[in-house]
Amino acid sequence: MDFLGTSDPYVKLSLTGESFPAKRTTIKKRNLNPVWNEKFKLIVKDPSSQVIQLEVFDWDKVGAHDRLGMQFVPLKLLTPNETKEFKLDLLKHTFMGDPADKKQRGNIVIELTYAPFREDTFKVESPRSGLGSKESSFERLSEGVVLSGAGLLSVIVQGAEDVDGVRHNNPYAVVRFRGEKKKTKKLKKTRNPLWNEEFQFMLEEPPLNDKIRIQVNSRRKGIGFYSKECLGKLDINLTDVVHNGRINQKYHLLNSKNGKIHVEIKWTTTC
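The end of the sequence shown is residue 271 by full-length UniProt numbering, with every number in the run present.
Hints in this document: simulated from the structure, not taken from any laboratory. Every value quoted in this text rests on a predicted model; they were computed, and no experiment measured them. Please note that a few of the clues may not be correct.
[To be verified] Result set (EDC-like, lysine to aspartate or glutamate): computed pairs, CA atoms no more than 20 Å apart in a straight line:
1. K28 - D60
2. K233 - E180
3. K84 - D60
4. K185 - D240
5. K28 - D8
6. K188 - E229
7. K257 - D162
8. K257 - E229
9. K233 - E264
10. K181 - E264
[Stated by the list, open to error] Here are the in silico distance ranges between beta carbons for each label pair:
11. Q53 - I156: 26 to 34 Å
12. F20 - K257: 35 to 43 Å
13. K221 - N248: 32 to 40 Å
14. N258 - L13: 44 to 52 Å
15. L42 - N248: 37 to 45 Å
16. W59 - K188: 42 to 50 Å
C-beta: ideal position from N, C-alpha, C; glycine also.
Given these sequences and hints, build the entire structure.
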């Protein structure tokens with residue numbers, strides 16, 4: 001707490017071995033016993049080795065925020081699909097033998113649930129399935145699908161072919177989805193780039209009515225009107241991805257003479 005005897009605490013959550021931005025709770029103003037009751041979802045790749053890190057900060061309007069304490073929870077302590085509560089004493093840092101950690105810093109209570117992604121393909125059922133209906137998958141989906149559960153949307157930008165810039169060919173791909181923008185690395189002087197980069201989006205529900213935009217750009221050093229070019233773009237409807245669990249194909253790029261892009265998209269559920 002600060003010198004006035006109060007605090008404006010919030011918590012940052014992150015997983016070791018990941019580059020995703022940390023999650024953050026709301027700030028509880030002037031409160032030494034905050035109750036958040038907030039839920040967060042993080043993508044786990046290796047529960048046997050990854051650790052969730054919790055850091056409690058005192059928010060300050062000016063200057064750096066003071067860290068009040070921290071703790072770690074190894075995910076290997078969790079049983080799949082079972083919720084476990086932890087009440088942990090906050091530490092100054094990770095050096096357990098440090099005398100400074102003998103100071104009482106309060107504690108934090110957290111509930112954790114590890115929900116593994118399913119290995120099998122996610123199947124969608126229409127309310128009228130089983131009635132001998134012969135509609136196409138798209139028709140049945142458009143009538144109203146019974147769906148629930150969170151999942152992971154993985155977008156793998158494999159590469160492109162015959163992308164041609166007017167002034168330069170240093171292509172990179174930009175993936176836009178629900179306000180987020182992610183980029184591949186830029187490859188120099190090529191019309192046939194191979195990126196093989198994966199981007200992941202954790203979603204609360206299947207993206208049935210969503211589209212994802214992928215655009216191939218070229219950029220060269222310098223500032224000016226011709227330093228960046230669009231080499232082609234496309235929008236991919238995610239309905240078929242949700243229905244089939246996976247698509248893997250090449251698409252013709254709009255606004256490109258012969259350009260194609262190879263994209264793999266997977267939808268994996270946790271239930």
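Here's how the hints hold up against the structure:
Of the pairs offered as hints, the one joining K28 and D60 holds, with about 12 Å between alpha carbons and a cut-off of 20 Å not exceeded. Note on K233 and E180: the hinted pairing holds, with a Cα-Cα distance of about 16 Å set against a maximum of 20 Å. Proposed proximity of K84 and D60 is contradicted: the alpha carbons are some 32 Å apart, above 20 Å. Under the criterion of a C-alpha separation no larger than 20 Å, the hint pairing K185 with D240 is inconsistent with the structure, at around 28 Å.
About 5 Å separates the Cα atoms of K28 and D8, which keeps this hinted pair within 20 Å; it holds. Between the alpha carbons of K188 and E229 the distance comes to roughly 14 Å, so the proposed pair stays at or under 20 Å and holds. For the suggested pair K257 and D162, the alpha carbons sit about 8 Å apart, so the restraint of at most 20 Å is met. A C-alpha spacing of about 14 Å is found between K257 and E229, which places the hinted pair at or below 20 Å, so the restraint holds.
For the hint linking K233 to E264, the alpha-carbon distance of about 16 Å falls within 20 Å, and the restraint holds. A threshold of 20 Å between alpha carbons decides the hint, and for K181 with E264 the separation of about 17 Å falls inside it, so the pair holds. Range check, Q53 to I156: about 28 Å between beta-carbon atoms, so the 26 to 34 Å window is met. In this structure, F20 and K257 meet the distance hint of 35 to 43 Å, their C-beta atoms being roughly 37 Å apart.
Roughly 34 Å separates the CB atoms of K221 and N248, a value that falls within the hinted 32 to 40 Å. A hinted range of 44 to 52 Å for the beta carbons of N258 and L13 is consistent with their spacing of about 46 Å. In this structure, L42 and N248 break the distance hint of 37 to 45 Å, their C-beta atoms being roughly 27 Å apart. Between W59 and K188 the C-beta distance comes to about 44 Å, which sits within the given range of 42 to 50 Å.
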